[in-house]
Structures are given as C-alpha cells and as structure tokens.
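Sequences listed follow chains U and V, in order. Just so you know, we're using the numbering used here here: the first sequence kicks off at 1 and counts up by one. Just so you know, we're using the numbering used here here: the second sequence kicks off at 302 and counts up by one.
In case anyone wonders, no lab produced these hints; they're calculated from the structure. Idealized CB from N, CA, C, for every residue including glycine. Treat the hints with caution; some may be incorrect.
[To be verified] Partial pick of chain V residues on the chain U-facing surface, computed with a CB cut under 8 Å: (1) Val-363; (2) Pro-365; (3) Arg-367; (4) Ile-368; (5) Pro-371; (6) Pro-389; (7) Arg-397; (8) Val-453.
[Unchecked claim] Here are a few chain V residues that face chain U, going by a calculated C-beta distance under 10 Å: (9) Thr-383; (10) Pro-386; (11) Pro-405; (12) Glu-424; (13) Thr-454; (14) Gly-455.
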Amino acid sequence: MFRATLTVCGGGIAKRLFSSFSGESALPSNLRLPPNLIGVPREKRAFPASTDLPVLRRCEADIPAHLAPVQTWLQSLESRHSEPLGVVDLHPDVFSVPVRLDILHAVEVWQRNFKRISYAKVKSRAEVSGGGRKPWKQKGSGRARHGSIRSPIWRGGGVAHGPRGPTSYYYMLPMKVRVQGLKIALTSKLAQDYLHIVDSLEIPTPDPHYLQDLAKHRQWGDSVLIVDVGEEFPQNILQATESLKTINIIPAIGLNVHSMLKHESLVLTLEAVKFLEKKLLWHDTRFTPLYPFKLPYSDLP
Amino acid sequence: MAAPFRSVFMTLSPGGLIRSGIAAPAGSVANARACLRSEHSSTGGRGVDESVDEYKYVERLVPPSRIPSPPKHEGSAPSGWTPPPETPPSLPYMIRRSRMHNVPVYSDIKHGNQKSTLVRKVEGDVWALNKDVKEFLQQLTGRETATQVNEVTGTVRIKGHFEKELKAWLIQRGF
Numbered sequence: 001m002f003r004a005t006l007t008v009c010g011g012g013i014a015k016r017l018f019s020s021f022s023g024e025s026a027l028p029s030n031l032r033l034p035p036n037l038i039g040v041p042r043e044k045r046a047f048p049a050s051t052d053l054p055v056l057r058r059c060e061a062d063i064p065a066h067l068a069p070v071q072t073w074l075q076s077l078e079s080r081h082s083e084p085l086g087v088v089d090l091h092p093d094v095f096s097v098p099v100r101l102d103i104l105h106a107v108e109v110w111q112r113n114f115k116r117i118s119y120a121k122v123k124s125r126a127e128v129s130g131g132g133r134k135p136w137k138q139k140g141s142g143r144a145r146h147g148s149i150r151s152p153i154w155r156g157g158g159v160a161h162g163p164r165g166p167t168s169y170y171y172m173l174p175m176k177v178r179v180q181g182l183k184i185a186l187t188s189k190l191a192q193d194y195l196h197i198v199d200s201l202e203i204p205t206p207d208p209h210y211l212q213d214l215a216k217h218r219q220w221g222d223s224v225l226i227v228d229v230g231e232e233f234p235q236n237i238l239q240a241t242e243s244l245k246t247i248n249i250i251p252a253i254g255l256n257v258h259s260m261l262k263h264e265s266l267v268l269t270l271e272a273v274k275f276l277e278k279k280l281l282w283h284d285t286r287f288t289p290l291y292p293f294k295l296p297y298s299d300l301p
Numbered sequence: 302m303a304a305p306f307r308s309v310f311m312t313l314s315p316g317g318l319i320r321s322g323i324a325a326p327a328g329s330v331a332n333a334r335a336c337l338r339s340e341h342s343s344t345g346g347r348g349v350d351e352s353v354d355e356y357k358y359v360e361r362l363v364p365p366s367r368i369p370s371p372p373k374h375e376g377s378a379p380s381g382w383t384p385p386p387e388t389p390p391s392l393p394y395m396i397r398r399s400r401m402h403n404v405p406v407y408s409d410i411k412h413g414n415q416k417s418t419l420v421r422k423v424e425g426d427v428w429a430l431n432k433d434v435k436e437f438l439q440q441l442t443g444r445e446t447a448t449q450v451n452e453v454t455g456t457v458r459i460k461g462h463f464e465k466e467l468k469a470w471l472i473q474r475g476f
C-alpha cells in the first residue's frame, strides 16, 4: 500500500528542513504511481506567516540568538471538525535539530537489543551424557580412530561451536546520544507533518470510534501515539484507547524512539511539550556527572 | 531547589541540655530552648536535642548540575577568555560555543605524527566556512592546507595544528 504525500508549502518553510523527507510542491517527475493506489494524498494545511497570528505558547527556555522558534498549529480533540486554536512556539534545539539518521538508527538498535537475553544453549561434547570411554582400540580394528562417541563428528554427539548459555546483549549508548536520538525523532515527526500539539486530552465520548474517526478525518495516519505528562489521564481517553491497537497513550517519561518510529503520528499536549523541552534542553547545559544524577544535586529535580 | 530530605542531628546530652556550639539567632535559640525544655521534661532523665539548622552546611556543599552562564566582561577577561557577542555575525554559517562557553576548536594527533585541527558545532553553510578557513590559512602559512568537511556532523578537519590561530580568528570574526 502506498501513500503519496502532497505538501502545500507555506510561509514558514525556511525554518523547516528540506532533507530527503519533505517533498517539493509537486511530485517528482520520475515517480510512477500504480493505478490501484489506495489512499488520498495528505494535504498539509498551509503554514501561517509568523507575524499575524497570536502565539498561544512561547518557549520557557532561552533560544540562541541566531535561531528562531519553530511554529506549529495548536489543535483540539473536542470535536471532529474543530479548527486549530492557534499557533504555538517550539524550541529549535529540540524540534529543529540536524537530522542524523545514523544516530536515530543507533538508538533504535540499542533499544531493541540492550534488553535482549538469548537463552539458547546446546550441549558440548563434555555435557552430552556418555562418551567417556574410547569406543574401540586405536589400531587393528580397521575402523577410523575415535576417542569418544560424543565428539562433534558423531551422530548424537555434542555441538562444537553452538550457543553457550544465556548471553546478554546489554550495552549502553552515551546519555547524550540517546537524548539526541529523541530530539531527532521529534524533529523528524514535525518536519514530516506527523506531529500534532493538542491543548488537553478531553474528549466528549469514551467511544473508540470517535478517536479513529478523528484521526482519519484529520489525516493523522494509521497509528497515533498520544503523550501527556502526569499519572492521571481523563477517563474518556483511557477507555477509548484501551481497546484500540493502533492508537496508544503513554506518559511523557515513557517517550522513546522506537515508539515514535512505530506509530505514524505523534500527539503531544502542551504540558508534554513543556516537560520534554525542559528535560531535553537540560542536557545541553549540564555538567558531566560527579556522581549519578539519581542522587541529589542542588538544582535537581 | 533544595534537596527534599533533611537529616536530623541528634546530640545526646547526659542529664542536661547541651547547646550546639554554633551561633544561632536569638529568637530561634529561645524557641529551641523552650521546645528542648519541654522535650527534656517529657522524656525524663536523658534529654535529646533535635536540630535541623546545621543542615545548611551540608546543603551548601551539594554541587549544581547546570553550568552557570559566565559573568559579563567588557572585551576579554584577564584569563584571555572572550565572551560571545550578543548578536551573531551575519555570515552564512554559525559556530556555537561549547557548553563551557569556549570556541569549539580542538587539536588532534593520531599515530604520534598525524596532526589535525577540528572545528565542531558548525551550523549553516559548512562549505563557506571551509572556504574562509582555507583563505585565512593561505595567508597565514603561504600554502594550501588540506581540509575535510563533514556536512552531516557540521565539522571541518584541517591538516596541521592551527588551534590558537583559528580560535583567535573565529573570536575576531564574532563567534
């Protein structure tokens, strides 16, 4: 199944990345679309010019003098047809970093493998029972010489170089690499128009069809990841997402690169954006740890 | 924000009240005496002094986690450090300061004899910076210097040790 992305470029494009992700105004001339193409090309809402609309949220942290905040629409989940409420500012050092695909790949591979323990184990010739005695004498029997019936060349013998015992594939990437991976994932989502900012997660009904309908109408994609800060979520959205496989809700501390790549679209609340900016920007101006950050420092938590 | 937990300093006094040797404001001492006296009377024989005031001496030793921004200097500081200007220069590229507010130029040596200088944290047009660096070093040394540009990471590696000169040049250009 293919989906063609048609983007209508607006005024704020200078701030966005023109990498291999975002398409030009027309599809490339050498693109051949199959005749049985499913799905409507996504039409991106034209980006607002930064001057006329009031900005509903400014960044708390200082922005470097040579950068300007990235802007995006603020939406609401109240009704299917509700228009965007306004424009919000996002910090460029979190939502507009250079997209390093190698770092993204490294973090994704790390997330898959660091928890892996492979339990495969096979018996070697020492562990297979039997095989202590020389089967026949060395010379004179006319048969090949052997020392034990469980050597690897024998049927039923041990394995010479098999997997040995539970092996752990644990390793840790540097903290700053993992943080950069998160920033790159957020940047990619924003650049590909798969990031949606929402004021709160209040929905009118606990019906899962409402959310699916909303996501389909707003062209959010096949799967949506909803992120909010805190331990309590509104009951409606919890019930709605409980039975759905493709729309999931997680707290902001659970945000990770694998989930962001697995789900097509990412929905953040304003508090989640504030939390992420605060946490991810701290790594840019922190000292190297004298002792683990779990222990108290004078300005943490 | 101060650490959330406070430890309690207990001084056992055999049969009487022992003031802590550290001076405290008169009001708190009076209150401390009042509550100590009541404690002493309730516990009976041995009095136990509870005081959390001394924890401030521990709190002031706990280090911060965030690098502070440097104090304002006009021109260069006595150590030779120059603060970054308020407005960035109007060039097609931008070189940020490191987290310790220094110019990100580093010298490297491999296999004992291969010397190179690395300029990191370049944003914008890296090739324009490469051109400017080559021109500057041409004037400095009189011959062409080999450079390697990495667009993905935003770095320029120059053959030879030119750390001091490049740092001074970048500061003079306004980074």
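Each hint tested on the structure:
no., hint, in the structure
1, Val-363, "holds (5 Å)"
2, Pro-365, "holds (5 Å)"
3, Arg-367, "holds (6 Å)"
4, Ile-368, "holds (5 Å)"
5, Pro-371, "violated (12 Å)"
6, Pro-389, "holds (4 Å)"
7, Arg-397, "holds (7 Å)"
8, Val-453, "holds (6 Å)"
9, Thr-383, "violated (16 Å)"
10, Pro-386, "holds (9 Å)"
11, Pro-405, "violated (13 Å)"
12, Glu-424, "holds (8 Å)"
13, Thr-454, "holds (8 Å)"
14, Gly-455, "holds (7 Å)"
The structure does not agree with the numbered hints 5, 9 and 11 stated previously, though it agrees with the rest.
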